[in-house]
Amino acid sequence: MTGTVNHDPRLAVEIAGIHFNNPVIGASGTFGYGLEFAELIDLNRIGGFSTKGLSSRPLAGTPPPRIVETHGGMLNAIGLQNIGARAFVEEKLPLLERYDTRIIANVFGYSDEDYIEAITILNDGAGIDAYELNISCPNVKEGGIVIGNSPAAAARLTERARRASTRPLIVKLSPNVTDIAQLARAIVGAGADSLSLINTLVGMSIDIYTRRSRLNYGTGGLSGPAIRPIAVRMVHEVACAVDVPLIGIGGIASVMDALEFIIAGATAIQIGTANYYDPRVTVKVVDGLSEYLDRTDSPNIGSLTGSIIKDQP
Amino acid sequence: MTGTVNHDPRLAVEIAGIHFNNPVIGASGTFGYGLEFAELIDLNRIGGFSTKGLSSRPLAGTPPPRIVETHGGMLNAIGLQNIGARAFVEEKLPLLERYDTRIIANVFGYSDEDYIEAITILNDGAGIDAYELNISCPNVKEGGIVIGNSPAAAARLTERARRASTRPLIVKLSPNVTDIAQLARAIVGAGADSLSLINTLVGMSIDIYTRRSRLNYGTGGLSGPAIRPIAVRMVHEVACAVDVPLIGIGGIASVMDALEFIIAGATAIQIGTANYYDPRVTVKVVDGLSEYLDRTDSPNIGSLTGSIIKDQP
Amino acid sequence: MIETVATVESNLEITPGYRLLTLNFDEEVEARAGQFAMLRARASFEPLLRRALAVYRVAGKRQLSFLYQILGRGTEQLSFVERGGEVEALVPLGNSWPVEMPERSSVEASRRAIVVAGGIGSASVLMLCEELARARIDTQIFFGAASGRVASGCGLEDFRALGLPLTITTDDGSLGERGFVTAPLERHLRDEVSKKSLRGADSTIYACGPWPMMARVNEIAARFDARCLVSLEAPMGCGFGVCVGCVVAVKTDGPLGYASYRRVCTDGTIFSADTIRWEVNAMSH
Amino acid sequence: MIETVATVESNLEITPGYRLLTLNFDEEVEARAGQFAMLRARASFEPLLRRALAVYRVAGKRQLSFLYQILGRGTEQLSFVERGGEVEALVPLGNSWPVEMPERSSVEASRRAIVVAGGIGSASVLMLCEELARARIDTQIFFGAASGRVASGCGLEDFRALGLPLTITTDDGSLGERGFVTAPLERHLRDEVSKKSLRGADSTIYACGPWPMMARVNEIAARFDARCLVSLEAPMGCGFGVCVGCVVAVKTDGPLGYASYRRVCTDGTIFSADTIRWEVNAMSH
Ligand SMILES: Cc1cc2nc3c(=O)[nH]c(=O)nc-3n(C[C@H](O)[C@H](O)[C@H](O)COP(=O)(O)OP(=O)(O)OC[C@H]3O[C@@H](n4cnc5c(N)ncnc54)[C@H](O)[C@@H]3O)c2cc1C
Ligand SMILES: Cc1cc2nc3c(=O)[nH]c(=O)nc-3n(C[C@H](O)[C@H](O)[C@H](O)COP(=O)(O)OP(=O)(O)OC[C@H]3O[C@@H](n4cnc5c(N)ncnc54)[C@H](O)[C@@H]3O)c2cc1C
Ligand SMILES: Cc1cc2nc3c(=O)[nH]c(=O)nc-3n(C[C@H](O)[C@H](O)[C@H](O)COP(=O)(O)O)c2cc1C
Ligand SMILES: Cc1cc2nc3c(=O)[nH]c(=O)nc-3n(C[C@H](O)[C@H](O)[C@H](O)COP(=O)(O)O)c2cc1C
Ligand code: FES
Ligand code: FES
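Chains as they are written, first to last, in my numbering: chain P, 1 to 313; chain R, 1001 to 1313; chain D, 2001 to 2285; chain Z, 3001 to 3285.
Among the clues, some could well be false.
Okay, derived cross-link-like pairs now, BS3-like style, lysine-lysine, Cα gap no bigger than 30 Å in a straight line [claimed, not checked]:
1. Z:3061 to R:1284
2. P:92 to D:2195
3. R:1284 to R:1092
4. Z:3195 to R:1092
5. D:2251 to P:284
6. P:310 to P:92
7. Z:3061 to P:310
8. D:2061 to R:1310
The set of hints was computed from the structure by calculation and includes no laboratory data. Remember, it's a predicted structure, so these values are computed and weren't measured experimentally.
Go ahead and model the full structure; you've got the sequences and the hints to work with.
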């Protein structure tokens, strides 16, 4: 399949030793298991994608309604419905084999053990390039605290996942914290090879006639262009705090948006919600990056990472 | 002036012993010193307004550019330009005397002492109904940490301000924290009469051609409809955590938006950014609230506060 | 499924608040009765998500029409697009209404179809009715709307033009029988079953409308042992199966597990009514 | 200042990317040369903030025209509004160009005006030129644009129709002199001063255009000791003085303090060029 795509070599990036043809990655939960997009785009043209969050066992998810649109974004409370790590390895991976694109298995659980179990299952899967730990789930064992909001709990989980994993480990940061740089340092200190950020911000929307939340679950995760300025700021903060490659996420819907993250310090970017309303956005951004390099006479995309000019402290 | 306005008695609310003709308040930094709106709306028709943040001494603010629009919102880094507490007392308050609307003096500083000094000056001012502490400024003395992001620092400041103040004290919460309920409990424990929330979320926007932040200051505060779901969620969380009346803020641009906050647990609401692009939005919301009470046969606005129905935990 | 920018042939107001949008595609589109599209006015920045609209009519290999009600931000933005304007489209999506040929071998009881349309749910069944008519299946249409004006907006004239037996109800009694469309449906089934000693099972009920209507149709169908198919609505993030936002709760044998929810967009929109857990409503309104 | 919903009389493309919007108001509006309005297409949800446009022409007590360039989201949304459509408007805003009568008592040196328009900055000075002409002030217009096409978009024909001396420059040389508009301005001042032994101080320069152009005009004016007024641009949150987002840095005697910044919308948009700290640019582009 590779033969059919002429990759722009200036767009290639490396994260934790993995080669990506370009820095454009489909975000977890918005790109299904990749195959859903095969009819819409040439999967060989994007850098990679992150799977829907995989747990050790299949999960039903929360009752509907699960999504509600807001200004510039949407709230979701999918409840992490997924086919389970085993089914992904057995049913999806074989079908993905023929694509030359990086596959990131997004992993989550409700306890450290859950995560380790899912990783252990996924270690068997051929063709997975890296793991991305979604640490924004409430930990049932610790009374519902969100692992990703506590540097100590996140570092502990990172360390255990690092040991269990046979593949590079990306940890995905929760933005619902006071100090994301501190969280990032703790997680990198615990052995993460890369960080991706941001996950969704916790939000709520109320139907003023029923006086109920518009989501069955109550709260949901806010995504889309509305959160982009927060995400860009956080990527910039984390880039100043740690030395591992970053994957920028949050409201990217165009090549200009993607470049904001790269200039702020990201090596690659993920596109989430925009895939829903512009299903070919990923390849449009890939093309747009090449054009930007032409227009600005930049040697390659890597030269832009963290290239922000600061006049002020 | 009161005689000319027929207030809907069902909209009256009380916060810390202060009577508001209705729960619609202009938010600090978006309503100037109130007088700027006198040509646009009848100031007697709104519940009140919160002044631009007042400091002990006049401040120049940051160099331009200071604002940039984002999807569903805007970033600002005004740097708290203001005429100073003394000038407000001497030049603005006398002009505001003739309006029957509540005046909340929004106060800030770069150290606890700064705040106390500003409050002491404002204590002399006739016609101020309450203070609103903006605790989202970096504390220069404590190495730039934001007071409002630390429950301990915020509680300490609240206690000192409480003692210095001759008027009811509203503390305005920063949303840039992991646990807003914990912050709220600490501040209420320290003596706050009411909480208002949320202030802006820290964000950033980069010009991909100059590779500089679009704001001279670097980062800015995100406001507008984009942040509403986050604000509604936080108001709901804080309403579950403390017993003082809450003032809901964040992206309110219509009566439906205002009602979301009230149903989530707010006694009153503040409208910020929407004043810029819809200068008469405050009075439109006042009218809309009366209509909603009619349509839903609700006895008064107070009956809606915190009336959210929860099926899920 | 094609993802393209379609050009507006026309966007006509039928009655206030109801419009017929006709789009020209640069490729051939094969849409079957009951399928839908995800649409968004191209030049608009808000709302972000495309909106699901049933294919109302196929006017040629490259032309489709959509009948829609202006409800909120998305449909309002669509209503502003004029002839020559552009609409982002993903189409065709979802499964389609199954139409079986009557069993001509059986002399006594030829199969019959009952189509129940509630409000703008009508948009999903016009092509179905045409197909049933073409297949010469004995078809009864029950058409309910809030008022006579809304009925027109929901395409009543197009349904009348089919020449099939048509029973109209309106909530306010301004046209046809006053009340819900489920009342004459129930009467009809009762009469049929008693008078002609037909079994309910000889009828297939096709229903599309508001959730409470469809839940009630399901109850009636169950009572008369009639086969019942419903086209469901749900808030849709993507329309092509990736967001898993549009699910409905379905009956499963085992405990609640992965199979407890199905996606309306790709597993439906058409489901056998008896598989749905009607008490778990997919819509928040 | 009125806050109202205006109705679109017309919204005509002058050249691609440039349009003339004419609005009808339900109240009388008194707008002076150099004032502006904050406008937003009514039915659009994005962008949120209104956009500042100079009043280009007053066509009657209740009718104003605006000449604008389609630059980003806001002006694009405006460009979609058609005749009969609605535009939210706050108008008139800001101060206005001061026009003094020539001192006829002085025989030797009557006061003269020089108007410098760069790009769409022209929109702010057409009414000024009309006023200067009406007041029979000796007026020279320097009109710069990127190209001949852009010059048309920026209203060149309207300026030509005034019958005042007009020097045109284009960046690409497709019309008039090639280069920046500041080159002939400088030449003119030099010639005037040398040939007629006039002092620069006898001239008032009125300038509106891109920031670098105005900074350069200020330098030239200073060199020839001419009075110079500029109409500034800044990203505007509100347009009526409350957001304090539109400030420019101004010179103050004391240390940097409260008086270091002034609001373009209410303290300006017209400032004496020598009071501006040009090195602190208000725009990020
Ligand atoms: C498969 C499918 C086919 C459809 N076909 C048609 C059709 O042919 N003609 C037609 O007029 N409508 C159809 N609908 C409904 C249409 O999608 C909604 O009316 C539209 O999404 C509302 O968007 P809005 O922006 O105008 O309203 P919003 O601002 O999104 O919402 C306004 C109100 O509508 C509710 N709403 C939101 N999403 C939906 C939804 N998907 N369905 C129903 N209500 C919703 C909201 O809760 C709110 O109360 C269909 C829906 C589905 C899922
Ligand atoms: C007092 C005043 C009067 C004006 N009069 C006119 C006029 O008569 N005709 C006309 O065409 N334009 C005029 N402008 C400029 C006009 O306001 C901007 O072109 C417009 O705001 C850009 O909005 P947008 O959404 O199209 O672009 P955006 O998407 O907001 O921005 C596109 C680009 O324009 C830049 N930009 C943003 N805001 C402004 C701004 N206020 N001024 C200049 N560039 C900006 C951005 O940095 C970006 O590079 C005036 C501006 C001011 C302040
Ligand atoms: C419907 C939906 C489901 C998601 N599911 C997951 C998930 O399973 N695991 C995960 O790490 N992130 C998940 N996310 C978060 C996205 O990967 C991404 O971090 C977030 O949406 C912000 O990016 P965006 O604004 O581009 O969407 C989900 C997002 C959405 C909208
Ligand atoms: C330009 C601007 C200036 C502001 N200045 C202040 C301020 O001085 N003090 C303060 O407490 N909040 C300030 N705020 C925050 C608002 O009062 C409000 O909390 C925030 O904007 C969220 O509400 P909104 O989305 O309705 O604007 C400012 C907001 C903006 C947009
Ligand atoms: S709408 Fe996204 S899965 Fe159905
Ligand atoms: S634009 Fe808001 S103060 Fe000038």
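How the hints compare with the structure:
| no. | hint | verdict |
| --- | --- | --- |
| 1 | Z:3061 to R:1284 | 28 Å, holds |
| 2 | P:92 to D:2195 | 55 Å, violated |
| 3 | R:1284 to R:1092 | 26 Å, holds |
| 4 | Z:3195 to R:1092 | 55 Å, violated |
| 5 | D:2251 to P:284 | 41 Å, violated |
| 6 | P:310 to P:92 | 45 Å, violated |
| 7 | Z:3061 to P:310 | 49 Å, violated |
| 8 | D:2061 to R:1310 | 49 Å, violated |
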